[in-house]
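Colleague: Assemble chain B onto chain A, guided by the hints.
Protein chains: 2
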Amino acid sequence: MIKIAVDATGGDFGSAPVLAGVRGALKADADLFVNLYCDKNSHRDASLNSVFPRSLRSRIDLHLCSESVEMDEKPIQALRNKSSSSMAKAIQSIKDNSNDAMLSSGNTAALVGFGLQLLGTIEGVSRPAICTALPSSNGRTWFLDMGANLEPTAEQMLANARMGACQCRLFDGIQSPRVGVLNVGSEMMKGTRKEQVLAAELIKEPNMNFVGFAEGADLFSGAFDLVVCDGFAGNVALKTAEGVAQLLSKELKSTLSSHWAARLCYLLLRHDLRDLRRRMDPSRYNGAALLGLNGLVVKSHGAIKADGFQNALLLTADMVRLGALPYLKQELDLSAADALPG
Amino acid sequence: MIKIAVDATGGDFGSAPVLAGVRGALKADADLFVNLYCDKNSHRDASLNSVFPRSLRSRIDLHLCSESVEMDEKPIQALRNKSSSSMAKAIQSIKDNSNDAMLSSGNTAALVGFGLQLLGTIEGVSRPAICTALPSSNGRTWFLDMGANLEPTAEQMLANARMGACQCRLFDGIQSPRVGVLNVGSEMMKGTRKEQVLAAELIKEPNMNFVGFAEGADLFSGAFDLVVCDGFAGNVALKTAEGVAQLLSKELKSTLSSHWAARLCYLLLRHDLRDLRRRMDPSRYNGAALLGLNGLVVKSHGAIKADGFQNALLLTADMVRLGALPYLKQELDLSAADALPG
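Heads up: the protein sequence lines correspond to chains A and B, in order. Per our numbering, numbering through the first sequence is continuous, rising by one, with the last residue being 342. Per our numbering, numbering through the second sequence is continuous, rising by one, with the last residue being 342.
The hints are simulated quantities; they were obtained by calculation from the structure and are not laboratory data. Hints should not be assumed to be uniformly reliable.
Stretches of chain B that chain A covers, calculated by requiring three or more beta carbons in the stretch to come under 8 Å of a beta carbon on chain A [said to hold, decoys possible]:
1) 126-139
2) 145-158
3) 207-217
4) 225-239
5) 252-258
6) 266-272
C-beta: ideal position from N, C-alpha, C; glycine also.
Looking at chain A on its own, in the form it has when it is part of the complex (with noise of 0.2 Å):
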């Protein structure tokens, strides 16, 4: 039996979505138990009877919590005051052995704070980075940091390039990941910012297959299979993909109401644009692990409906299924060892 804890308070939407995404995700992987920490000032044990179907009430289990985090709390004051909030329990349980992983859809930098706190970085890692993979014409391409450390050293992302380039091992079988920095230019003499220039050198080392420089379509473009980037960038890019998709998706549905024709091809076209929208979907690439924490805790978008919390949930379990937190710390562990002198 997997076992993730969930915070389930925090997110955009408020506690439905999260409990709903809990419900489907219990329902499509039976292996999956879920502790879910709720504030009790929110949640009753009355609510769980009646979101959870008796058939599934076997496998969550209530924490109540004597308070929550809130998504626009300082995350120092998060850190100083709130340790008995729903997210330290979660994290703190996966430290005690409770469970083996956590997610939340709640404050980032809080979760990121508390993750660094209670359970700190695996050996090679000072800081971790937010990992996801977004869809490409050809695949997916794996990315981060999307904002765990908004200014990081060069040594930094490289620990992020080999992290990342683990999940591309793990998750998709790729051996040899085609690794690129995220740049101005793809050319290595353009203008750019030091970071990048030397980032790109300490990533160049022999086992790593370090293509160059990346642009910003280069995410989607199915050229890399893992871009690296500071947090800052890393997250203005996943949210500037969001909200250009948004606009898209919008436009379209304008066009296909427009007239009688349009609402045809509408209805002729329906079950083929469900599934275009089905993989582009934001949600169904919902949940970015922060690597390198010493404890498998995963991120869910904070606007996320039911299916995609319930993505992150079952991507969680997956992490815990492949063992992904100790491959990673064997691999950091050898490229440590790589790394030093004769």
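Modeller: Using the frame of chain A, we list chain B on its own:
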């Protein structure tokens, strides 16, 4: 007659789309005169006669230069060695008042460098910023900097906000544009980089309508008229947006040709889809002004086709017509005077 210097060499697809774009713009704007700066090694007078019908030839003049700046050339080397290039000559011609503005689809960093070297900046601006407008659901959002200044100071971001506000007023008639600073969280209290917070503090000045931090998705949400950010993240955001748009357009195209009903729908909807594509087409938004230089310099996307280059040229002519440069000088002068103590 509006005189524009066009750098015909450079761009990812060579000079063919540039020449075709110039022809289109001359046809569309009877008040336009183009001075074309070409590398003599790749152009001959003869080629102009084959591209431009006799009726347009009285409004175009060819200036053969001895060399051109390569797309992958280091800007510092270009500045040192290529003062006779088509790019440098075209910029110099604005300084000499032979032309009202200059347009190039060449090496961005070299363009910024030559602009600074040959024209300098206007009062109140220490570094130029690349500015464009992006489509949103209810209009468009002006956005800068897209890569001229990768790590601006807070003061430079304030100057950029002032210049961007001029574009909103001049082009869209928005007297008090809603201004945002791009950041990783929309709440003022989320973890962020120091420069963004400092810039936000400065931009909150009395005559600015500072709304708050913007996230990547806000570039397309319509919640802001103007978003200011550093050139690194700005470039990443723009290219990410292009990548997503390309991927979605490709996937939609493949959906619409997957079976006979889909192909029928494509036929039924071809006009609507063309409209949609036209509304969202990056080439429609092509042409980004290098604001802050003491001369009108506009950058066209490097990987653009003829219609995109034409749009950039018509935009450049509009900037001259609207008096963008004198307006910018006047407004930045006023801001500088406001900032003087008592």
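Colleague: Give me the numbers of the hints this structure contradicts, sorted from smallest to largest.
Modeller: none
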